[in-house]
Amino acid sequence: VNVNPAAAAAIRILVELDRESELDRRARDVASIDLEFALVYFAEPRGVVGRVWPSLPPVSRDTLLDFLLRNESQDTTRALVKTWDIVVRDLIALAISDLDRDSTVIAERGLRVAAAIGTGRPIDQYLEYILVSWGVTGLSDTAGANWPARIRPRVDLLLALQVPGPEEFAMTRTRLRVGVDNGWQAQLVRALITEELATGEIGRARGWAEWLFGSVGPGDEKSQNWLTALDFIVAQRPTQGAAASAINEMTHADPAWAIFLAWTARAFERLPDSLELLGPGLVRFALRVADQDARRTTDEDARKAAADRDALREVLEIAFVKLGALAGDLAWVDGARLIISLESRYMPHPLNQVDLFKQYAAGLDGVLHFLANFQVHRDLIQDVFQRYALHVDPNADEPFPLATVELIKKWAPRPDREPLLARYIQAIGAENILLAHNQLAPEDWKNLAVYVPEFRGLESTGLLWSAIKQIIEGKTGKLTRETFDFNDESGVRHIGVSSSALAAALFDACENNMSPRQILNVISSVRLHDAAPHQPSDFITAVSEDELQEALREMQSLLRNRPIDREDPTGHLKKRQYEAAEQTWIEFLALITSEPILGAGYGKRFWKAVNSRARHGEKVHRRLRRWLWWRRLRGRFSVWKRKRAVGVQSNAGPPAAQGSRRRMLGRHAKDVNRDGKRGAGENPVGGDAGAPR
Amino acid sequence: MTETVSQSEISAEWAHISKVNGGAADFSILAASQATLGPQELSDFSASFVAGVPAPDVDLQLPSAPPWVTFGKHESAGARFVSVTVQFPWDGVDQRGRPIWSRDFYVFRYDAAARGDLSYQSLYRSVQGLKLAGQGGQPLLDGRPLLLKADPQPMDELATVIERYGLERLAAIAAALLDAPVAVGGTGSLWLAQRLQLLDAIAALLPRGFRADLSASSAVSGLNVPKMRLILTDEEDSSHQQMHLASPGAPLWSEGAREYYELLLRMAQNRELPAVLRYLWSHWEALSFITREATP
Chain A
1 VNVNPAAAAA IRILVELDRE SELDRRARDV ASIDLEFALV YFAEPRGVVG
51 RVWPSLPPVS RDTLLDFLLR NESQDTTRAL VKTWDIVVRD LIALAISDLD
101 RDSTVIAERG LRVAAAIGTG RPIDQYLEYI LVSWGVTGLS DTAGANWPAR
151 IRPRVDLLLA LQVPGPEEFA MTRTRLRVGV DNGWQAQLVR ALITEELATG
201 EIGRARGWAE WLFGSVGPGD EKSQNWLTAL DFIVAQRPTQ GAAASAINEM
251 THADPAWAIF LAWTARAFER LPDSLELLGP GLVRFALRVA DQDARRTTDE
301 DARKAAADRD ALREVLEIAF VKLGALAGDL AWVDGARLII SLESRYMPHP
351 LNQVDLFKQY AAGLDGVLHF LANFQVHRDL IQDVFQRYAL HVDPNADEPF
401 PLATVELIKK WAPRPDREPL LARYIQAIGA ENILLAHNQL APEDWKNLAV
451 YVPEFRGLES TGLLWSAIKQ IIEGKTGKLT RETFDFNDES GVRHIGVSSS
501 ALAAALFDAC ENNMSPRQIL NVISSVRLHD AAPHQPSDFI TAVSEDELQE
551 ALREMQSLLR NRPIDREDPT GHLKKRQYEA AEQTWIEFLA LITSEPILGA
601 GYGKRFWKAV NSRARHGEKV HRRLRRWLWW RRLRGRFSVW KRKRAVGVQS
651 NAGPPAAQGS RRRMLGRHAK DVNRDGKRGA GENPVGGDAG APR
Chain B
1001 MTETVSQSEI SAEWAHISKV NGGAADFSIL AASQATLGPQ ELSDFSASFV
1051 AGVPAPDVDL QLPSAPPWVT FGKHESAGAR FVSVTVQFPW DGVDQRGRPI
1101 WSRDFYVFRY DAAARGDLSY QSLYRSVQGL KLAGQGGQPL LDGRPLLLKA
1151 DPQPMDELAT VIERYGLERL AAIAAALLDA PVAVGGTGSL WLAQRLQLLD
1201 AIAALLPRGF RADLSASSAV SGLNVPKMRL ILTDEEDSSH QQMHLASPGA
1251 PLWSEGAREY YELLLRMAQN RELPAVLRYL WSHWEALSFI TREATP
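As you go down the protein sequences, you meet chains A and B in turn.
Numbered per our numbering, the first sequence spans residues 1 to 693.
Numbered per our numbering, the second sequence spans residues 1001 to 1296.
Since the hints were made in silico from the structure, they are not lab data.
Built from N, CA and C at the ideal position, the CB exists for glycine as well.
Among the hints, erroneous ones may be present.
[Claimed, not checked] To spell it out: a stretch of chain B is covered by chain A in this simulated footprint if at least three of its residues, at any positions, have a beta carbon under 8 Å from a beta carbon of chain A; those stretches are: (1) 1092–1100; (2) 1205–1219; (3) 1253–1259.
[Stated by the list, open to error] Pairwise CB distance ranges, derived in the manner of DEER restraints: (4) B:Lys1131 to A:Glu167: 46 to 52 Å; (5) A:Arg112 to B:Leu1147: 52 to 58 Å; (6) B:Pro1139 to A:Gly118: 37 to 43 Å; (7) A:Thr119 to B:Ala1079: 24 to 30 Å; (8) A:Asn146 to B:Lys1131: 22 to 28 Å; (9) B:Pro1089 to A:Ser55: 41 to 47 Å; (10) B:Pro1139 to A:Arg112: 43 to 49 Å; (11) A:Asn146 to B:Ala1079: 22 to 28 Å; (12) A:Gly118 to B:Ala1079: 27 to 33 Å; (13) A:Gly241 to B:Ala1079: 52 to 58 Å; (14) B:Ala1193 to A:Gly47: 29 to 35 Å; (15) B:Leu1147 to A:Asn146: 40 to 46 Å; (16) A:Ala307 to B:Leu1147: 53 to 59 Å; (17) B:Arg1271 to A:Ala307: 58 to 64 Å.
Turn these sequences into a full structure, and let the hints guide you.
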């Protein structure tokens, strides 16, 4: 029949509706669908399939697709390739559903069909959707709980894929680079690269990382921390500061990132540069492991804890030194090791590896600071390091290495380090070594004494030590004193004499409650190991017995005249202070002369000096008495003269008596001048004239 | 069943055809877009399907009074276009005192309109209320194409309209269109919205691809012979097969048109009308009537 072409076209379309209806009817009968029907269905023209497909119920679409996907043949592949753009949404949904059942069969088959289309775009689109889409990640906040289980099969799928080149699958790459730090994409990428590394596929891991973070620049996506960190490790793109901040934030949110980043850095031979940034993360992860160990209550907890511990241990077993890690950064590794009860491994020797030790100590300081809120772990790490750095060999009289002493000096003033350090020093008796070798300054002892009261004397010990040492070295005059005379701000005049260095040291030591015996012990132990042959090397060669006696007398004076801070109307307190000063002074004399603290010879000579001084005093006393006798005699003579002038008219005294007086006064004046500082009224043995007795 | 509709955006080139108020010149383009279509093409397109001007004494209160809406079909450089022309009530007079019947012309790519599932009603609604030029004909817009928002056509709504007029009556008209241009009478009492519904309902009974070749008008002037394939008018002309909305009578169908009519009724009988309409709507690839146009 000669039908007009427009009508013919319209009729043809309407007739197709009949056929499509039949297709539609059969496809809705899910039970009757088999592979044969699926092939018949997809053998229809694309237009027919395209029109019927959207109206089919999902179960029919899934069943039809399932037959084609699970029966791989040329026919089924051809059918799927022909209708790819029509069925791809359903195919993706099916693949996602299959993956979520921990199977990669459909997903892999879909990939092969996409590959058969011949261009990269279908694979890209397909991958993008089965890896990252709302259908995959879920919209619910609680969906994240299932992510690890859902990520695993997707990682398996990617493990079976050839690693894409830098320009391949741009859409998938872009989608994978989007998302927050602990979002789906971040976790998926982390799991993928971790898995590749775990199976020894370093090359593939590098390939994935280069694809995601390599030469191709980032898109317009918001810069997330995990991208910043990986861009830094893989492509050294952002600055270290930006990367440090990013890594810090992401490991704070999830310490497991540190493990992943460490392996990635190792794979990319960037561990030396990255360990400084990763250290806090490793310590964080170690804290988590320790916490899990402490808290685990169920088998699942225990398994997770064990898995985390193993993962961390593997990282901590990396040959960091061989890879070029710096000593300061290795402190973080040791910190993490100690937290999970592994032995520290990288502490350098303070004597043989001085520079490394210092770097390590600086790094460790960072670790300890980082652990400020984790006192147990912080103390543990400090304790281990102290034990290592302050090792005492009872058989050797060796000083501590300078690096160790520097560490002590650095930590002593810090409230967060000092208590543990001071107690440890006390526990091992290290103060004796430090004192014996005068390795700490008085302020160090003062700092250490804040938490260990027993060290309080050692502060003055140090002072005394320094003073004695300087005296031996001749840096300060032993007994030099100077008169001062000045008006203070309020116009009050002050006149006095400064104390000598030796007397001041003795006075300070007494003031700091050191006993005379302790003081003499310190004095006797000061040795100059590097003194020149003609120079004194110890106290007894540097300070004569007379000089010591003089200093002790000065010390006594200083002790006696200390200001009293209370009302003392009766002078009772002052009297007691005088007595105490004298008692101390006598104790010094007794110890020096009766015990060989400063050496037996020195003691004897000192005794002689004391006696000599005493005899001299007696001599002076005798002269005084004689002078007083002459004075009284003169008085009587004057009376006699007056009486005689009245009665006998004579005004001259006996000439012999006048001459004797002049001689006596002249000798006394000479004695005073020779003694210099001693006043005429001074007690020749000690003490001030006129002092209450 | 509730249909999901989503608004789409569609680009339109445009022209305003009128006379200068009090001027001597004839109708011409006073303002137009300057985009992919050149001035000549735009001029040709806008002059292709014209409803004509109403009689000077037309009662503007009648349902058949302007605005009149005409849908055209065009081709340029292998691309297909559809157009909407809105003929407004007169406004002002020319030098000789004749009323000025301005019209606005919009042209769209057929593919874009088809992908947006746009019907005649959708297209008209997308331009309804726009004003391209001022009273004196001065352009109110720059020369860029307009980006219009348009709603897709719900099929259920079309099915309702078809059932209101009667499937058989409208199917007869649709089948007749396969043969030749048709003028549908008995529409004088219909307001513009109803006319557009009717045009869409008739066109919906053909595969949608025929819209690429279908021209239609909600009304035409009796003063000239319109070129559109489907017009609503009670006036007879030699170029259109006259069919009445109330009783199409015995159409002068060809064999093919009759077969299509019968097949369509059978299909609609065997399944839901909306399903048939959706099916026909899904065939949007351009189709041609091939047979002659209405010849003015």
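Okay, the hints, checked on the actual structure:
{"no.": "1", "hint": "1092–1100", "result": "violated (count 0)"}
{"no.": "2", "hint": "1205–1219", "result": "holds (count 3)"}
{"no.": "3", "hint": "1253–1259", "result": "holds (count 5)"}
{"no.": "4", "hint": "B:Lys1131 to A:Glu167: 46 to 52 Å", "result": "50 Å, holds"}
{"no.": "5", "hint": "A:Arg112 to B:Leu1147: 52 to 58 Å", "result": "42 Å, violated"}
{"no.": "6", "hint": "B:Pro1139 to A:Gly118: 37 to 43 Å", "result": "50 Å, violated"}
{"no.": "7", "hint": "A:Thr119 to B:Ala1079: 24 to 30 Å", "result": "27 Å, holds"}
{"no.": "8", "hint": "A:Asn146 to B:Lys1131: 22 to 28 Å", "result": "57 Å, violated"}
{"no.": "9", "hint": "B:Pro1089 to A:Ser55: 41 to 47 Å", "result": "45 Å, holds"}
{"no.": "10", "hint": "B:Pro1139 to A:Arg112: 43 to 49 Å", "result": "58 Å, violated"}
{"no.": "11", "hint": "A:Asn146 to B:Ala1079: 22 to 28 Å", "result": "50 Å, violated"}
{"no.": "12", "hint": "A:Gly118 to B:Ala1079: 27 to 33 Å", "result": "29 Å, holds"}
{"no.": "13", "hint": "A:Gly241 to B:Ala1079: 52 to 58 Å", "result": "56 Å, holds"}
{"no.": "14", "hint": "B:Ala1193 to A:Gly47: 29 to 35 Å", "result": "34 Å, holds"}
{"no.": "15", "hint": "B:Leu1147 to A:Asn146: 40 to 46 Å", "result": "43 Å, holds"}
{"no.": "16", "hint": "A:Ala307 to B:Leu1147: 53 to 59 Å", "result": "57 Å, holds"}
{"no.": "17", "hint": "B:Arg1271 to A:Ala307: 58 to 64 Å", "result": "60 Å, holds"}
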